[in-house]
Amino acid sequence: MLIREASFLSSNTQVALCPPPNRPEYAFIGRSNVGKSSLINMLTGRLALAKTSGTPGKTQLINHFNINDEWYLVDLPGYGYARVSKTSRADWSKMINSYLTKRENLTCVCVLLDSRHPPQAADLEFMEKLGAGGVPFVMIFTKTDKQSASRTYELINAYLTKMRETWDELPRHFVTSAETGVGREDVLDFIEEVNRQVAADAAGA
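Note that UniProt numbering has the sequence shown beginning at 1, numbered continuously upward.
No lab work stands behind these hints: they were computed from the structure.
Here the structure is a predicted model, which is why all the values come from computation and not from measurement.
Note that beta-carbon positions come from the ideal geometry of N, C-alpha and C, so glycine has one too.
There may be inaccurate statements among the hints.
[Unchecked claim] DEER-style ranges, computed between Cβ atoms:
{"no.": "1", "residue 1": "P118", "residue 2": "R196", "range": "15 to 21 Å"}
{"no.": "2", "residue 1": "R151", "residue 2": "E5", "range": "35 to 41 Å"}
{"no.": "3", "residue 1": "R46", "residue 2": "S150", "range": "31 to 37 Å"}
{"no.": "4", "residue 1": "L17", "residue 2": "H173", "range": "31 to 37 Å"}
{"no.": "5", "residue 1": "E154", "residue 2": "N105", "range": "33 to 39 Å"}
{"no.": "6", "residue 1": "A16", "residue 2": "E154", "range": "43 to 49 Å"}
{"no.": "7", "residue 1": "R151", "residue 2": "P20", "range": "43 to 49 Å"}
{"no.": "8", "residue 1": "L61", "residue 2": "P119", "range": "25 to 31 Å"}
{"no.": "9", "residue 1": "K94", "residue 2": "S150", "range": "39 to 45 Å"}
{"no.": "10", "residue 1": "N12", "residue 2": "A158", "range": "32 to 38 Å"}
Just need the whole structure built from these sequences, with the hints factored in.
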């Protein structure tokens, strides 16, 4: 997929105020400081489309971006640890849950996972919640440039093995690095593939 257009549309705390649900929508989410903004910038080829920060919890709103006038990319607040109050975290959780359950054009959630760590309870719990709610998702492992390929492979295998304990069928997963660009084409090709299927389904309806 060639990214011709990538621009910020809006920031909201309410699903009802999000852009019209007339395009496929891909939401990116992960634990705080997983490298979400950097990955979004790498995928879109725009260095400052999503704001990056070394401070966990920087994203606090539902941020919509227009991609190629064809689909929406959504940057969601992280879950887990962040240097904010419990009240703020509770508000984020409520906002995210509302978005995930009510956003009618949500096509896929991209769950970002730090490839340097073994399976984390917060990530497993979040994906279990998506599965229980019937929300389609894929796993995107980030920061693979920070360690050897063998170590990345070892930890990803550990993750998949852990998930097989409760999942009959594993979601697709991608291996990425915002620094080197690894995985960019794989993720964009996946999105293009799903967009084609959505269009075909709509045409046949």
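(request) Compare the structure with the hints numbered earlier in the document and write down the numbers of the violated ones, lowest to highest. (result) Failing hint: just 1.
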